[in-house]
Amino acid sequence: MNKKLSRTPLLHTLSLSLMLAIGTAQAQTPAEQELLRRVDQLAAELAKLRTELAQLQQQAPTQPSAPAASIAALVEPAPAAQARTVLGGYAELNYNRPNNNGKDAQADLRRLVLGVQHRFDEKTKIVTEIEVEHAVASAGDPGEVAIEQAYVEHQFHPNWALRGGLFLMPMGLLNENHEPTAYYGVERNFVETAIIPSTWREGGIQLVGQLDSGWTLQAGIATGFDLNKWDAASSEGRESPLGAIHQELALARSRDLALFGAANYRGIPGLLLGASVFSGQATHSQQAASSRITLWDLHARWTPGRWDLSALYSRGSISNTAALNMPLVGSDSLIPARFDGAYLQAAYKLWEQGSYVLKPFARWERFNTASRYAELGAGLTPEASDSERVVTLGANFEFAPGVVLKADLQRFRLNKDLNRVNLGLGWSF
Amino acid sequence: MQLQRRAQPWLGTLLEISLRHADAAAGAAALQAGFALVARLQGELSRFEPDSDIARFNALPPGQDLTLRPAAQHVLAVAAWLRNRSGGAFDISQGSGCRGWTLARGRLCKTEAGTHLDLGGIAKGYVVDRLIAQLRRAGCAWGAVNAGGDLRVFGPLPLPLYLRDEHHGGLREIGSLADGAFASSYYGPDSRSRLTGAAPGLDVQVAVAAPSALWADALCKLVALGLEGQSALLDRLRALAWTWHVDPAV
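Those protein sequences? They're chains H and X, same order as listed.
Start counting the first sequence at 1; every next residue gets the next number (our numbering).
Start counting the second sequence at 1; every next residue gets the next number (our numbering).
No wet-lab data here; the hints were simulated from the structure.
All values derive from a computational prediction rather than experimental measurement.
Yeah, the Cβ is synthetic: ideal placement off N, Cα and C, and Gly gets one too.
There may be inaccurate statements among the hints.
Said to hold, decoys possible - If we take Cβ atoms under 10 Å as the criterion, some of the chain H residues that face chain X in the derived model are:
#1 G140
#2 A289
#3 P327
Using the sequences and the accompanying hints, generate a full structural model.
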């Protein structure tokens, strides 16, 4: 895309030069002959450039597209020659082998996603993705089929667009860019799965702006979580409080809607700084007590030279949990009042030859899915959980554009039974 | 998935565990583990078990305290909460000293001589909740535990509810239960259940549905007493209650 845009002014310049030259084509002095020779040379170069441009435009729909951006779709006008309908997708196959419990080793087609993006005109398009997890989805199998995205985007201004439908929430570094080629490690990081419930999507309306200053602004109103789904007898809420109560627009309770906003700055080459917030009521008038869920994050990514450095902090809170938890006393998992997590990650492009790229990385994470509980009374208030800390060391090896092999080791500080070796294969197009 | 059921005499009643598991062998192991859990909890909570926390408390002289195991600590914390919010109507001392015990930092202290505790009005519900949690962790797709009228169910299949007609015999279906708890009790001249503080001649059957069996079990007593402020307490605990005042002549 950048190549096409950068050549456009050059073409204009050449065309103007040609027009001026033709105006003096009848002259025959030596100087004029030299001028005509140069005009001919420029015309030949122009024809060559036009040929190259046509070739680029023909190749554009089949070129590997940027992960997520191809499907999540940035706000930009469509060149007239771009295909109206684009098929995309990604997949990840993972192998996990616990160090101390080899019998629990598992291989899984974690997910396969197909996406279709169709552009009705230069301003309006739809983006859809359908996902199958764990290879087989049936009554007797663990898999599931889900729609990850299904929205319409209309660009009503060169910098602004509106989205409506089911879309990914603009939070953190991973949620909107969750393809296996877009992150390091076989598994997605814990902070952006246990705290930010990636892949997290809601139904609603979103305003998206890409300003010339480098800011991307997103805000909107959407469906939110449903605390009535909290299953205190299950461990799901301890693994991911919001993952246990998200609705994914499946007959979603929507008495209460949520507001969200995100701001990301890319004005300095190689640097991304961003923040986001989501907040909404979550009991939908189904209980005597009402409760608000708020989640926010700060994130940064810096890619100086061969380095790729990331940092993120996210915190969630659920209000009025004392009233909500009292009826659940006696169960395993009460609703936490607060949960949070952070990670630091460094990757380095160690080796590159042709399409082969090797990027070792290291990641440190700390997360706590129940860092505080509301006071219920003596003996009834659950103890806050200890924070888990995970160190991941590994490498991504890209052997073709959009195809990646991954391997890593993970060490857990609290639950050492989870220490494991992971291998993965992923692709995105 | 086939239904697997076992019943054994525990907690002074017949305790039945039913489950459905994709792996029948794992289901059988879950049943076995379930009754092992019941045996352990009865050993910690029953006043008839000499080594239980409750029996050890009952044997304490006034002014002494003891460290509780987690199960007793949890049940007594709930009992204290209910005692305070019911003005002492929820009384696990059964009149021997409603305020004769205190619980602080996991230690149970006897503050009045003669105070004896009996968790018969709350412990069965707690045990049912623990069993359900264990069945969930064992990977059961569906499960139900019934401890003599203290019932809890999880999973996709609702369970029909029947109440025994205490005066005329027989059963009557009153609905079905899914992902919740239900407890019923009969308090009358000939009933096994005793209700401290009840009016003379009380003859009532009560039922409570709640998110957990612990609350459903405990609230039965308060509902039978017809306490003032009972509705607010039920709302707070997301519970529903039914009462049948029995007229034997009808």
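Verification of the supplied hints:
Because the beta carbon of H:G140 sits about 7 Å from the nearest beta carbon in chain X, less than 10 Å, this interface hint is met. Annotation: interface hint on H:A289 holds; nearest CB of chain X at approximately 8 Å, less than 10 Å. Using the Cβ-Cβ criterion of 10 Å, the hint placing H:P327 at the interface with chain X is satisfied: the shortest such distance is roughly 4 Å.
Of the hints listed earlier, there is not a single one the structure fails to meet.
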